[in-house]
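Undergrad: If you follow the hints, you should be able to join the two separate chains into one complex; please do so.
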Amino acid sequence: MVSILRKSRTEFSPAGPASLPAGPVDPGYMMRVEDLGIRYDLRLTRKTTIRGTFRNLTKISRDDRSFWALRNVSFEVAHGESLAIIGPNGAGKSTLLQVMAGILTPSEGRIEVVGHISTLLTLGAGFDVELSGRDNILLAGAFMGIDAREMRERLPGIIEFADIGQFIDAQIRTYSSGMRARLGFSIATAVDPDVLIIDEVLGTGDAVFRVKSQRRVMELAKAAKGIVMVTHDLNWAEEFCNRAMLLEKGRIIAEGSPAEVVALHRERSDRARLERDAEIARQVAAATA
Amino acid sequence: MATTTRPVRRIQTRARPGPIELVVEGLREIWSRRQLARYLVQADMIKHGANTVLGNIWWVLDPLLQMAVYVLFVAVILGKGGADYPLFVFAAILPWKWFSSSMSDAILSVTSREAIIRQVKFPAIVLPVAATASGVVSFLFGLIPLFAMMLLFYADRITPYLLLIPAVAAVQFFFSLSLCIVFAAINVFFRDLGNLERHLVRLWFYLSPALYATKDLDPAKYGILAELYKLNPWVVLFESYHDVIYAGPKGVPGPPDWAGLGILLLVSFIMIGFATFVFKRLEPAFAKVL
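The listed protein sequences correspond, in order, to chains A and B. Taking the numbering used here, the leading residue of the first sequence gets -11, the next gets one more, and so forth. Taking the numbering used here, the leading residue of the second sequence gets 10, the next gets one more, and so forth.
Note that these hints are calculated values from the structure, not bench results. Keep in mind it's a predicted model, so treat the numbers as computed, not measured. Heads up, a few of these hints could be off.
[Said to hold, decoys possible] No more than 27 angstroms apart at the CA atoms, straight line, and that leaves these computed lysine-lysine pairs for DSSO-like:
hint, chain 1, residue 1, chain 2, residue 2
1, A, Lys237, B, Lys130
2, A, Lys210, B, Lys89
3, B, Lys89, B, Lys230
4, B, Lys239, B, Lys89
[Claimed, not checked] According to the in silico footprint, chain B covers these stretches of chain A (three or more CB under 8 angstroms from chain B):
hint, region
5, 79 to 90
6, 131 to 144
Think of the CB as a built atom: it goes at the ideal place given N, C-alpha and C, for glycine as much as any other residue.
Chain B on its own, in the form it takes in the complex (with noise of 0.2 angstroms):
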C-alpha cells in the first residue's frame, strides 16, 4: 500500500500571481468545474418549480404581468407609446428580468454558501457563473409567451430575424457575467451591496430604452448627456432586442446592431478578465471572512 504512487499536494504561501496568471486560472476552473455550475443551475431549477404551487407556471405568467402593468401606466394611463407597445415593451422586459434576477441572484451566490465555502475547497467563482447561467433557462420559458403572442396579436412582426434572438442573448449573457462575477465577489466584503444594487438596477432600466425608443429623446435637450447615453451597453441591447422583435429603424423588423453588439462583446470579454481577476485576488480572503 505504501507504495502505491500519490500526487504530493502543497498547501502554502507563494508569492503573489500575476494578473493574468489569475485570470487564466479562473477561467481554466470555470471550464474544470462546468459539471458543478450544471448541478447548480439544475438545483436551482428544482428549487423554483418546486417551492411554489404553480411552480414553473410563473416563469411564464411573471414577464406577462410585469408587461400589463407597464403597458397600463404607459399606454393607458398616460396615453404614451407606439404601435403594438405591448410587444415592444415585453421585448424588452424578457432580457431585462433575466439581468436583474442574474445580478440579484449572483451577488448573494458566493454568501449564501458560506457553509460549503468553510467546508469544501473548490473554486467559488463557479457560483457566480451558474446564477448567471440559471437566468438564461428563465429567459428561455419567457419566450415562450413572447411567441405566443405574436401569432395570435402581432403576426405581421414574425420574420427570420426572429431567430437572431439567441445572438442577442449571447453578448447579454457575457456582458452580465462580468458584472455578477465582481459583485458577488465585492458583497463577500460588503454585506449591504444587495440593498444598494437593487436600486442601481431599477434606475438603470429607467436610463435605458426599455419602454420608450431611443428616438424618442430630443437630443437637443439633453446635449453632452445625449452623448454619454449612447456608452450605456443596454442601449445597444435593448435596441437590438427591439430590432429583432418590434421593429428596426426602417419600421419593420430587421437586423440588430452589429456593430454595437460586436463592440459590446470585445468589451465584455475585458470587463470578464477584469471581473475574474478580482474575484480570484479577493477568493482566499472568502473563508476568513465568511
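Next comes chain A alone, as it looks inside the complex (with noise of 0.2 angstroms):
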C-alpha cells in the first residue's frame, strides 16, 4: 500500500482545443514514445486479501521484487501508419498498448499523442453482459468520454457494422464471441479516432468480418491515422501493417519492415524453442540416468 502511494502518475494535459499550443502544431508524428518504462511492483498481485497482505508485510525487507515490464522503449508512429507489435507472450506488447491507452502510468519516460486515441484492448471484455447490445454501445460511448448526442448520431452505423441483426436489442450475455468481437470493433473503429489501438482483434470473428474488418483498418490508415495493433497473426502483419516492432521481455528487439521483423521473430521463437526442447531432453536424460 505505502508504495503505491508513493507512485507518481500520469498527466494529461486538457485535449480542448484551448489547450492547443501557438505555432505549427503538426509535430509530424501521431505518437511519440520516449524511452518509456513500466515498473510492477510485484508485491502488489491480484486479488489480496488482509491476510495476505499481513503475510507479505513480514517478507518486505528481504528483496524490493519490482519487475519492469517494459524498459527503454522508444518509438514514432506516423501518419497513415500502421505498427504492429509481435513478440512471444510475455513480452509486454499488452502493457506497452495500455501505456499508450493513458490506462496505465509511466514509471520513466513519457508519451505524446496528437489527437483523439480509440482503444479495443480485449474486444468485449468491457461489455456489461447483462445490458443489449445496443445500452452497450451508449455505455461504451459514455466511458469513452463521447457526447450522448453524438453516439445516438452513429448509434445505426455501429449497429450496421456490427451485422448482428436483431441480437443488438438482446443481452450480450447470449452472444457468441464472435458477435461480441464485431460489436466491440465495430464501436472501436466508429469513433473516429487519430490513433486507434488494437489487441489481437481480427483472429476473432468469421472470415466475412475479416475482410470486412481489414478493409475498415486500411481505411483508418489511409485517413491519416496512426494505427498500433498487438497481434499473433504473422501474416496481417506483415500484409496489412507497414511497419513491425519485435518486443521481448520488455525491450525492443528489432524495428522495420514486417516481412524483416516477423522473419527474425520466427527465427527467434524457432530457437527458443529448440533450446526449451534440448533442455527437457538433458532433464529427461538426467532423470533416467
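TA: Here it is, written out as C-alpha cells:
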C-alpha cells in the first residue's frame, strides 16, 4: 500500500482546443514514445486479502521485488502508419498498449499522442453482459467520454457494421464470442480516432467480418490515422502493416519492415523452442540416468 | 490533413500532485462525467428490473417484508416497541436499505468493472458515485409503500413535515457517498473487504436507533458509551427520519434535528474531500492490480 502512494502518476494536458499550443501544431507524427519504462511492484499481486497482506508485510525487507515489464522503449508512429507489435507471450505487448491508451502510468519516460485516441484492448471484454447490445454501445460511448448526442447519431452505423441483426436488443450474454468481437470492433472504429490501438482483434470473427474489418483498418490508415496493433497473426502483420516491432522481455529487439521483423521473430522463437526442447531432453536424460 | 490542428496529449510521470489538486481533479471528473454516471444508474435499473420475474415490484416488497420480520420479532415475540411500531420500523428500514445496498454495490463498483478499466481511460471515481446514486431510485420506490401505509393506517401522522424527507435524504446521500468512494478504492487492494463490510454494516444497524428510540436507552447504564453513541451519524439520521415521519420529541411529527443534520452535512463534505483524495491517490495503481 505504502509503495503505491509513493508512485508518480499520469498527466493529461486537457485535450480541448484551448490547450492548443501556439505556432505550428503538426509535429509530423501521431504518437511518439520516448524511453518508456513500466515497473510492476510484485507485492501488489492480484486479489490480495487482508491476511495475505500481513503475510507479505513480514517479507518486505528481504528484497524490493519489482519487475520492469517495459524498459527503454522508444518509437514513433507516423501519419497513416500501421505498426504491428509482435513478440512472445509476456513480452510486454499488452502493457505497452495500456500505457499508450493512458490506462497505465509510465514509471519513466513519456508518450506524446496527437489527437484523439481509441482503444480496443481485449475485444468486448468490457461489455456489461446483462445489458443489450444497444445499451452497451451507449455505455461504451459514455466510458470513452463521447457526447451522448454524438453517440446516438453514430448508433445506426455501429449496429450496421457489427451486423448482428435482431440481437442488438438482446442481452450480450446471449451473444457468441464472434458477435461480441464484431460489436467491440465496430464501436472502437466508429468513434473516428486519430490513433487507434488494437489488441488482437482481427483473428476473431468469421471470414466475412475479417475481410470487412481489414478494409475498415485500411481505410483508417489511409485517412492519415495512426494504428498500433498487437497481433499473433503474423500474416496479418506482414500483409497489412507497414511497420513492425519485435518486443521481447520488455525490450525492443527489432523494428523495421514487417517481412524482416516477422522473419526474425520466427527465427528467434524457433530457436527458443529448440533450446527448450533440448533442455527438457537433458532433464529427462538426467532423470533416467 | 496534416495541417489540421490537433491537441497534443502527453502521458508521462509527474511529480506527485498535492492533496488539494487531487480533490479538485476528482470532483471535476465526477462533474464532467455525470453523463456516464447517469448511464450507469440506468444500467443498474435495467438490470434490477429485468432479472427477476416481478422486476421492480421487489423494490416495493423488499422493505415491506423486512418490516414484517422486525415487527414479528420485536413487537410480537419480544412484546416491545411502542405505538404504531410498524411505521416506526419502516421509517428506519427505508433509508437503511438504501445505505447498505449503496455500500455493498459501491465496494464492488470498481473491481466488477475491471475489464473496462484495463481497456479504456476514464475516471474510475464515477463508478462508486453511480453506485451510491442508484440507491436513490430504490429509496424513491420505497416511499410508495410508506405513503400507502400512512394513508391506510396512520393518517393521523400525515403532516407537512413529510416534505422534509428529501432534506434528510440529501444529508444521508453525501454521508454515504464519502464512505462508498473510499471503500471502492480500498477493495481493489483487499478483495475480502466486502465480507467484513457486510458484518460491520449489520452491527452498525443494531448500534443505531432504528428498531428502538434513543430515549429508550438508559444513559446511566452505559456511562461514557452513551456520549460516544451520540457521535454515530446514524443517530442523527434515524432520529431525523423518525421526527418527520413517525414522531418527534413532542410525540407528533415535527422538524428534524437541524443542528445535527447541519453538522453531519459539513462533516460529510470534509469526508468526501478526504475520500476523493484517497481514491485519486490509489487510482493509478488500479490497472496494475486488477
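Undergrad: If any of the earlier hints don't hold here, list their numbers in rising order.
TA: Hint check: 2 fails alone, others pass.
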